[in-house]
Amino acid sequence: MHRLSKITAWVTALFCCSLQVGAAELSIAVAANFAVPMQKIAQAFEQETGHKAILSFGSTGSFYAQIRHGAPFQILLAADDETPIKIEKEGLGVAGSRFSYAMGKLVLWSKQPGLVDDKGEILRTGKFERIAIANPKLSPYGTAAMEALTTLGLVQEIRPKIVQGENIAQTYQFVATENAQLGFVALSQVLTEGKIAQGSGWIVPAKLHPPIQQDAILLVRGTDNPAAMSFMRFLRSDRARLLTRSYGYE
Amino acid sequence: MNFPLNKDAWDAICLTLELAACTTVILLVLATPLAWWLAQTQSKWRAPISALATLPLVLPPSVLGFYLLVAMGPHGPLGQLTQALGWGVLSFTFTGLLIGSVIFSLPFAVQPMQNAFEAIGKRPMEVAFTLGAGPIDAFFSVALPLARPGLLTAAILSFSHTVGEFGVVLMIGGNIPDKTRVVSTQIYGHVEAMEYAQAHWLAAGMLVFSFSVLLALSLLRKRIGQVLP
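Chains A and B supply the protein sequences, listed in that same order. Number 230 in my numbering belongs to position 230 of the first sequence; there are no gaps in the numbering. Number 48 in my numbering belongs to position 48 of the second sequence; there are no gaps in the numbering.
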């Protein structure tokens, strides 16, 4: 009787251990604009597979620099497609693992209701003191914003009023605290339940700027990591795509 | 050969030096009476006010910067005050940066001066009073000259600390050329964009400059630190 309970105890312990061994952790670098949807996706991923995703948010440009210098990320979700292409070319990413996980949408947003009309005319009237844009050197949303202004022929007029955020998250911060009356942010940052809940915004038509194609890539540190490969599959699944779409991406 | 420091770099350097100089001057004016009061007073307010004056030392600069951003915004207390005074919103301006620097470097000005004033002790002031000097006269002719090394230390520390200021500027600067683009954020920007050559030159330039200034001031301190009869 005594021996049986000992064996049972051992088997139970081993069973619990094996459950733990199955669940791994992986670290993912995520472009700042995708922060909110990514948290939901990571939750869903953990529910389904038991693997825990540790997320770091920042600008695509700085992640690229960090990855080149050995940062311990296994996957990168960039805000553009050029950075993952560079990473693949330089041998920092697993060849063939790159795919597009979202198409970003740019929105000219203000915390003040009624400031931004639905045609973006506010840019021409210029009735504002400061407009926030993400640093185009580091953020594809910043590049897209500058491209949109160039297409509209408004760069010279607007340039003196520009304040640059280090990444799209800081850009949003400037507008949300109203230190800048309006700014070019990611649609996902201002969308709640499919609508721009606060303030006023103009979704910048896609034809005014090159598409913000956001690509994900498995980095060399993620090779042979079952959790990492499982996540790349999950990101392509219907469940993940549905979540992504609900946040204003395509 | 390409001149390594381009116009952007020089603009950033000039702005940084301007910011550091203005901050130092303002701090010397503001911190001296505060340090004197803290050194002399017996009031029960001494401990809390001393703690408040030392707080910026302990707060992470990015936290300080973020709350300054919120406070200076149109709905924050500072922002509403400046708007009422007709100065507009101060974030992303040189003035806003100056206010941030003064708060950030305050402990570096107050502490050395307070220590210097305390080191004087009560005797010299008492003697001055017995010789018929009023309190203001005694302060300027007795206390201040005796505390000169402390004043110089305060000036050196405030200046250098402001030159190195990064977190606060990153939060409330907005990276505007000629107004808020200082050397520390400029170097950071170069590194982030992988423009390492520019980053190296700018950093080296500032290193050489700062070292020279501090060396010169250190040597000067030895000379004017001696109490003159």
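What the hints contain is simulated information worked out from the structure, not anything from laboratory work. As the structure is a computational prediction, the values presented were derived from the model and not from experiment. One should not assume that every hint holds.
Computed Cβ-Cβ distance ranges for the label pairs, DEER-style [to be verified]:
no.: 1; chain 1: A; residue 1: E25; chain 2: B; residue 2: L57; range: 51 to 57 Å
no.: 2; chain 1: B; residue 1: T54; chain 2: A; residue 2: T192; range: 39 to 45 Å
no.: 3; chain 1: A; residue 1: K137; chain 2: B; residue 2: Q42; range: 53 to 59 Å
no.: 4; chain 1: B; residue 1: G164; chain 2: A; residue 2: T192; range: 37 to 43 Å
no.: 5; chain 1: A; residue 1: S237; chain 2: B; residue 2: V58; range: 43 to 49 Å
no.: 6; chain 1: B; residue 1: L81; chain 2: A; residue 2: T192; range: 30 to 36 Å
no.: 7; chain 1: B; residue 1: L59; chain 2: A; residue 2: T192; range: 31 to 37 Å
By construction, the Cβ of each residue, glycine as well, lies at the ideal position given by its N, Cα and C atoms.
- Item | Structure versus earlier hints, numbers of those that do not hold, lowest first | Of the numbered hints, just 1 does not hold.
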